[in-house]
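J.: Chain by chain, the residues run as shown.
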Amino acid sequence: MENLLNIFIKSIFVDNMVFAFFLGMCSYLAVSKTVKTSVGLGIAVIFVLVITVPVNFLIEKYILRKGALIWLGESFADVDLSFLTFMIFIAVIAAMVQLVEMIVEKFSPALYNSLGIFLPLIAVNCAILGASLFMQEREFLNITEALVFGAGSGIGWFLAIVGIAAIREKIRYSNVPAPLRGLGITFIITGLMAIAFMGFMGIKL
Amino acid sequence: MSSKEKEPLFSEKNRKLFTDQLGRNNPVTVQVLGICSALAVTVKLEPALVMALSVTIVLAVSNLIVSALRNYIPDRIRIIVQLVVIATMVILVDQTLKAYAFDVSRQLSVFVGLIITNCIIMGRLEAFAMANKPWPALLDGIGAGAGYGIILIIVAFFREFLGSGTIMGYPILEKIGVYSFGYEDNGMMILPPMALIVVGLIIWVQRSRNRELIEK
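Chains F and E supply the protein sequences, listed in that same order. Going by the working numbering, the first sequence opens with residue 97, and the numbers climb by one from there. Going by the working numbering, the second sequence opens with residue 775, and the numbers climb by one from there.
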């Protein structure tokens with residue numbers, strides 16, 4: 097339990113997707129103009145991460161890893177499919193995004209309308225593939241850890257994009273030097289936010 | 775196509791495809807593409823160079839392939855076709871790095887895989903390769919890769935030089951002997967936030983030299 101809480105806190109604050117690894121920066125910069133849309137995108141990212149990380153974990157554990165196919169029989173013990181990782185992960189992500197989109201559309205039209213345009217965009221958000229690749233690299237022991245890691249990464253990304261959107265809404269009223277306006281100042285603010293988040297470094301429960 | 779209409783391989787237009795993206799239409803600072811994987815690998819020059827090279831290769835070749843296939847790709851499934859082309863190239867690059875440059879491949883860790891979702895590649899495929907002939911598409915790919923590489927290398931140069939006092943691992947400041955005057959490396963430069971701030975400053979410099987890029 098303590099271990100899970102540790103992974104959770106760590107993935108939100110210390111290993112924040114945006115501030116520590118710069119993942120998902122493209123949509124982070126493009127969609128952070130207003131708080132409302134960024135909340136929508138943030139929730140969609142959490143949603144997709146919570147689903148894709150555990151699914152990719154199972155695929156990694158029972159299909160891709162060296163010797164993972166042993167459940168098919170002794171003769172498969174030496175099969176190493178890990179070179180297919182990228183291809184399989186991205187396919188799973190694209191398929192999951194599609195599936196999530198259909199399910200949400202069927203069961204919760206209201207949520208679908210608010211997430212609508214963002215869901216397909218997420219398939220190529222680096223934070224999603226990044227979380228799966230980190231999951232693989234860190235060798236989590238069981239699916240709960242992978243799930244908690246996915247949720248934590250998603251929440252961290254959500255916090256980052258909502259924070260920057262709120263600041264950008266306010267900064268419209270300030271007198272920023274002309275060449276820095278827009279993209280430049282957003283980078284610098286993100287840098288400052290990242291410095292603030294570094295205060296969490298070394299937290300261990 | 776008759777010979778007088780045929781464009782020379784390095785015509786004005788084709789050269790522009792390449793040079794524009796180094797500065798005026800840089801993929802990172804102007805088109806805002808591909809920042810995701812760009813910054814995490816810029817602590818040292820060496821991984822940044824390898825990363826820039828890998829992205830250029832993936833970008834150029836997948837631009838070429840997609841452009842050659844553009845008339846056969848059904849519109850509705852084009853994204854998945856593009857992803858397959860990109861992922862294949864990235865797997866090739868990843869396996870090559872693991873075989874011939876294992877140390878660097880260790881340092882780049884997941885970021886080689888993340889080339890797949892690097893928006894530069896999808897962006898150039900969608901915006902250029904799907905609508906143009908293979909040769910311009912190849913040039914465009916190399917140009918975008920080089921534009922991305924330049925930013926990466928500038929950021930990595932400053933971060934390595936100011937953060938650890940070395941260039942490509944060579945301890946240049948120690949050889950000059952500035953440490954004996956009490957100079958110390960700025961440990962802040964090695965941390966992730968400074969990459970963002972350095973890119974912000976590059977954008978500032980670029981836009982104050984080139985006023986037409988300024989946002990309203």
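Just so you know, these hints were derived from the structure itself, not from any lab. Every value quoted in this text rests on a predicted model; they were computed, and no experiment measured them. Incorrect hints may appear among the rest.
As the list claims (entries may be wrong) - Pairs of lysine to any residue residues, derived as SDA-like cross-links and limited to a Cα-Cα distance of at most 25 Å, are as follows:
1) K106(F) <-> N799(E)
2) K872(E) <-> D174(F)
3) K157(F) <-> S879(E)
4) K129(F) <-> G897(E)
5) K872(E) <-> Y208(F)
6) K106(F) <-> K790(E)
7) K129(F) <-> V804(E)
8) K949(E) <-> I971(E)
9) K872(E) <-> L177(F)
10) K162(F) <-> I865(E)
11) K162(F) <-> D794(E)
12) K106(F) <-> I971(E)
13) K872(E) <-> G259(F)
14) K129(F) <-> Y208(F)
15) K157(F) <-> V858(E)
16) K162(F) <-> V804(E)
17) K162(F) <-> L866(E)
18) K907(E) <-> I988(E)
19) K132(F) <-> L237(F)
20) K162(F) <-> R880(E)
21) K872(E) <-> M183(F)
22) K106(F) <-> R880(E)
23) K872(E) <-> K132(F)
24) K157(F) <-> I865(E)
25) K162(F) <-> L975(E)
J.: Determine for every hint whether it applies to the structure shown.
T.: Tested hints:
Using a Cα cut-off of 25 Å, the hinted pair K106(F) and N799(E) is violated, with the two alpha carbons roughly 38 Å apart. Of the pairs offered as hints, the one joining K872(E) and D174(F) holds, with about 20 Å between alpha carbons and a cut-off of 25 Å not exceeded. With a C-alpha separation of about 23 Å, the suggested pair K157(F) and S879(E) falls inside the 25 Å cut-off, and the hint holds. For a cut-off of 25 Å, the pair hint linking K129(F) to G897(E) stands: about 21 Å separates their Cα positions.
Taken as a hint, the K872(E) and Y208(F) pair is broken in the structure, with Cα atoms around 42 Å apart against an allowance of 25 Å. Between K106(F) and K790(E), the direct Cα distance comes to roughly 47 Å. Violation of the 25 Å bound is thereby established for this hinted pair. The suggested pairing of K129(F) with V804(E) holds, with an alpha-carbon distance near 17 Å, which does not exceed 25 Å. At roughly 28 Å between alpha-carbon atoms, K949(E) and I971(E) are farther apart than 25 Å, so this suggested pair is violated.
Of the supplied pair hints, the one linking K872(E) and L177(F) holds, its CA atoms being roughly 15 Å apart against a limit of 25 Å. A hinted pair counts as satisfied when its Cα atoms are at most 25 Å apart, and K162(F) with I865(E) qualifies at roughly 17 Å. For the suggested pair K162(F) and D794(E), the alpha carbons sit about 46 Å apart, so the restraint of at most 25 Å is broken. For the hint pairing K106(F) with I971(E), the CA-to-CA distance comes to about 24 Å; that is within 25 Å, so the pair holds.
Note on K872(E) and G259(F): the hinted pairing is violated, with a Cα-Cα distance of about 38 Å set against a maximum of 25 Å. About 21 Å separates the Cα atoms of K129(F) and Y208(F), which keeps this hinted pair within 25 Å; it holds. Distance restraint check for K157(F) and V858(E): the Cα-Cα separation of roughly 23 Å lies within the 25 Å cut-off, and the hinted pair is therefore satisfied. For the hint pairing K162(F) with V804(E), the CA-to-CA distance comes to about 43 Å; that exceeds 25 Å, so the pair is violated.
In summary, the hint linking K162(F) to L866(E) is supported, as the alpha carbons are separated by about 19 Å, within the 25 Å threshold. Only pairs whose Cα atoms come within 25 Å are accepted, and K907(E) paired with I988(E) is rejected, the gap being roughly 32 Å. Note on K132(F) and L237(F): the hinted pairing is violated, with a Cα-Cα distance of about 37 Å set against a maximum of 25 Å. Between K162(F) and R880(E), the direct Cα distance comes to roughly 19 Å. Compliance with the 25 Å bound is thereby established for this hinted pair.
Of the pairs offered as hints, the one joining K872(E) and M183(F) holds, with about 17 Å between alpha carbons and a cut-off of 25 Å not exceeded. A threshold of 25 Å between alpha carbons decides the hint, and for K106(F) with R880(E) the separation of about 22 Å falls inside it, so the pair holds. Distance restraint check for K872(E) and K132(F): the Cα-Cα separation of roughly 43 Å exceeds the 25 Å cut-off, and the hinted pair is therefore not satisfied. Taken as a hint, the K157(F) and I865(E) pair is honoured in the structure, with Cα atoms around 20 Å apart against an allowance of 25 Å.
Taking the CA atoms of K162(F) and L975(E), the gap is near 45 Å; set against the 25 Å cutoff, the hint is violated.
Consistency with the previously given hints fails for numbers 1, 5, 6, 8, 11, 13, 16, 18, 19, 23 and 25, ordered from lowest to highest.
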